[in-house]
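Asker: Sequence:
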Amino acid sequence: MNSGSKGNMPVTIEIRYLPHYEGLPSLSRMTDGSSGFDLHAACDGDIVIELGRVVLIPGGFEMAVPRGYEVQVRPRSGLALNSRIGLLNSPGTIDSDYRGEVGVILFNFGDAAFTVSRGDRIAQMVVCSLPETELVETDVLDGTERGPGGFGHTGRGQR
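Here my numbering is used: the first residue of the sequence shown is 1, the next is one more, and so on.
Some hints could be false.
[To be verified] Across the chosen pairs, the derived CB separations fall in these ranges:
| no. | residue 1 | residue 2 | range |
| --- | --- | --- | --- |
| 1 | Pro148 | Pro25 | 47 to 53 Å |
| 2 | Val54 | Asn82 | 18 to 24 Å |
| 3 | Pro66 | Ser90 | 21 to 27 Å |
| 4 | Val140 | Thr93 | 18 to 24 Å |
Note that these hints are calculated values from the structure, not bench results.
The C-beta atom is built at its ideal place from N, Cα and C for all residues, glycine as well.
Produce the entire structure from the sequences given, and follow the hints as far as they go.
Answerer: Set out below in structure tokens:
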């Protein structure tokens with residue numbers, strides 16, 4: 001599986017579907033140009049997410065992400081726009097050493113209860129490579145035009 005452009009080497013991720021995933025479609029990208037693999041709700045029945053509430057929806061699978069990669073779980077734009085349903089920890093990260101069931105933490109930002117039914121597409125997952133990184137302590141950092149400007153700083157005075 002590969003989230004990059006053509007020419008990148010494919011990345012293999014082993015996946016194991018759990019018994020409660022039976023009958024649901026295999027994880028796949030909906031189109032050739034899609035970045036993410038659709039995740040389906042592997043719940044037994046309907047789950048109602050009340051206004052302002054958080055629910056963990058079972059994904060119904062486990063996977064072995066190779067070292068040097070992470071899988072990000074991201075919201076679906078249609079759910080966000082049409083129903084104001086999002087992921088509370090977006091993006092969620094699945095580390096290479098995690099071997100448990102993948103779950104999706106949905107939050108209802110809307111103004112009415114929202115029902116998740118078995119098989120609904122509830123999120124997407126994108127495979128990302130991680131560069132080897134070393135943090136080096138220093139007493140002085142190089143300067144930039146922005147400097148220590150914080151949240152919203154880069155848009156000031158620009159209309």
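Asker: Does each hint fit the structure? Answer for all of them.
Answerer: Hints versus structure:
no.	hint	in the structure
1	Pro148 x Pro25: 47 to 53 Å	holds (49 Å)
2	Val54 x Asn82: 18 to 24 Å	holds (19 Å)
3	Pro66 x Ser90: 21 to 27 Å	holds (23 Å)
4	Val140 x Thr93: 18 to 24 Å	violated (32 Å)
When held up to the earlier numbered hints, the structure conflicts with hint 4 and nothing else.
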